[in-house]
Amino acid sequence: MSILDIRNLNVRFATQDGEVSAVNDVSLSLERGECLGIVGESGSGKSQTFMAGMGLLAANGRPTGKVLFDGKNLIGADEDTFNAVRGDRMSMIFQDPMTSLTPHMRVGRQLGEVLIRHRGVSEAEARAQSLTMLKRVQIPEAERRLDMYPHELSGGLRQRVMIAMALMCSPELIIADEPTTALDVTVQAQILDILRDVKERLNTAVILITHDLGVIAGLADRVAVMYAGRIVEVGDVRSIFADPRHPYTRGLLACTPRLDEAGAGLMTTISGQPPNLQRLPSGCSFHPRCAHVTDRCKTERPLLEVVGPSRAKACFVDVKAA
Amino acid sequence: MLSFVARRLLIAIPTLWAIITVCFFLMRLAPGGPFDGEAPVPPEILANLRAAYNLDQPIGLQYLNYMADLLRGDFGPSFKYKDFTVNELIAQGFVVSAQNGLSAIILAIIIGIPFGILAALRQNSVVDYTVSGLSMTGIVVPGFVMAPILILIFAIGLKDTPFQLPAGTWEGGALKHRILPVFCLSLIYIAYLARITRASMIEALRQNYVLTARAKGLPFRQVVMRHALKTAMMPVVTFLGPGIAFLLTGSMVFETIFQLPGIGRYFVQGALNRDYTLVMGVTILSASLIILMNIVVDVVYGLLDPRVRYE
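Residue numbers (my numbering), protein chains in the order written: chain Y, 46 to 367; chain R, 2 to 312.
In short, the hints are calculated from the structure, not lab data. All figures in this text were calculated on a predicted structure; none of them were measured in a lab. Among the hints, a few may not be true.
Stretch by stretch, here's where chain R covers chain Y in the computed footprint (C-beta under 8 Å, at least three residues) [as the list claims (entries may be wrong)]: (1) 80–86; (2) 144–150; (3) 155–167; (4) 279–285.
Far from chain R, by Cβ distances over 10 Å, these chain Y residues were calculated [claimed, not checked]: (5) A59; (6) S66; (7) R77; (8) R131; (9) G132; (10) D141; (11) R189; (12) H196; (13) K343; (14) T344; (15) P347.
Note that the Cβ used here is the ideal one computed from N, Cα and C, for glycine as well.
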């Protein structure tokens, strides 16, 4: 059984200016020990998809559909059900380690409280296990760090603390939401190494949400590309990077700056703006920005269709032919 | 931390000196004197009175004498309350004002803060609108309107019922006689505390680390109490510091309405009577308390947020 199975998930936010469709009919599944990368621009719904699954949507957010975690649907579950799963079997790493740790609590307590909550261990036991975990995420002088406050640690160390916190109860699923975005490039690589180590040694499934294709290439087994709250292309990393079929995926890949193409001049960009989620374009949401747009794209919405072994895309146009 | 407090106390000395000096000369600049009355005092008697209180000396000398007395802890004799020194007046009155003020603060904290938190947790609910509405009312309705209304209800309307509360009597500070004044005193503070707590708690709950705490599966109660509350208390402490100083030194309005023997009434009476020494005494007391409470506030900041560090 898949550890995570998302079926026809929709997320709507009620705002003063009307309803915002953040996630539209998203279906995904993830096996144990697998790493799925989720790529998309800001506002593509990539974070909200999983916030819905964790029960962490903002108060005005309403999810519909199903998110099966180990076979159990969590959409519509009460807070107690979520609290029993969150931090224990499923945990989350957030983007900004500078603001995601409680500033007035010592690192050791913030780590330990997860174990105390879910395992009912003593303070001393929690501290001992916190220390082990800090060492596992390669924090130097771990013993001393336990009694420090977050502001006394660097950004990279704080993100390691976040990862350690997510790992405290050996979860079956880790959702890493832009785990490296706020960090220096050298630190990014170290954080990705730690995540890879976790995935391989503990057989933990990892959802890696990012807009950085380099991060996906380094860690993910499969990748799903999201645009305007929908999955537009999904498949295994190698084939998607080698042969992107959706015009948006092609655009994203073309946008990645390369060091090996000397004198390439201007960076490639995708023209236009991401759509307003309150007034999505008719037909394919990407059609106003698409170079291969046809009349059909403007009126009819393409569905996700299988286009090869373990690959699917939502586009009418055969990009290669175009 | 200790050296920080010591340094702040040292800096308080010149501040206090400046306040005393400005206040001393301002009082003398104001027209009129302590012995002006309805009927003019004969010049001979006035001269004797002025001599008795050393007011006939040059002002510079008076200032130096006053400062010398102050250093010995002597606030001098009251000009209006004959046979009393300012030390005695303040000592008697401050006990009453401080007891009432302290009760009012405690009442405000145990009512205002929990209701503020409750309103924040149930934002835009009936509870929230009720708390916000009531606290807005508490802030905009002045004390001199609120107190007579409460007297009308509890002292007169509920007369001869078990809920009747006395007003305008003190009886040496018997509990029953304190209830109405203390409640009136605390009302505006309850209102402000509820509003400030609500706003800062809503802000605190939006922080990323609160999301992290929820993602850890902590029960919401723990998320609020352990992760959000300390941050939310910062603006509350900022407000409470000077608020406590003001409350302890009594309220002119309520001590007049309820006929309390506190020091609040000395503020205005002393100034109207040109009772120089009494005004100076009360000013020095409240200035010292405000300075002291501000130091306390800074120390509490350090306890609430480890990022605030004192050298």
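Which earlier hints turn out false for this structure, listed by number in ascending order? 1, 4, 8, 9, 10, 12
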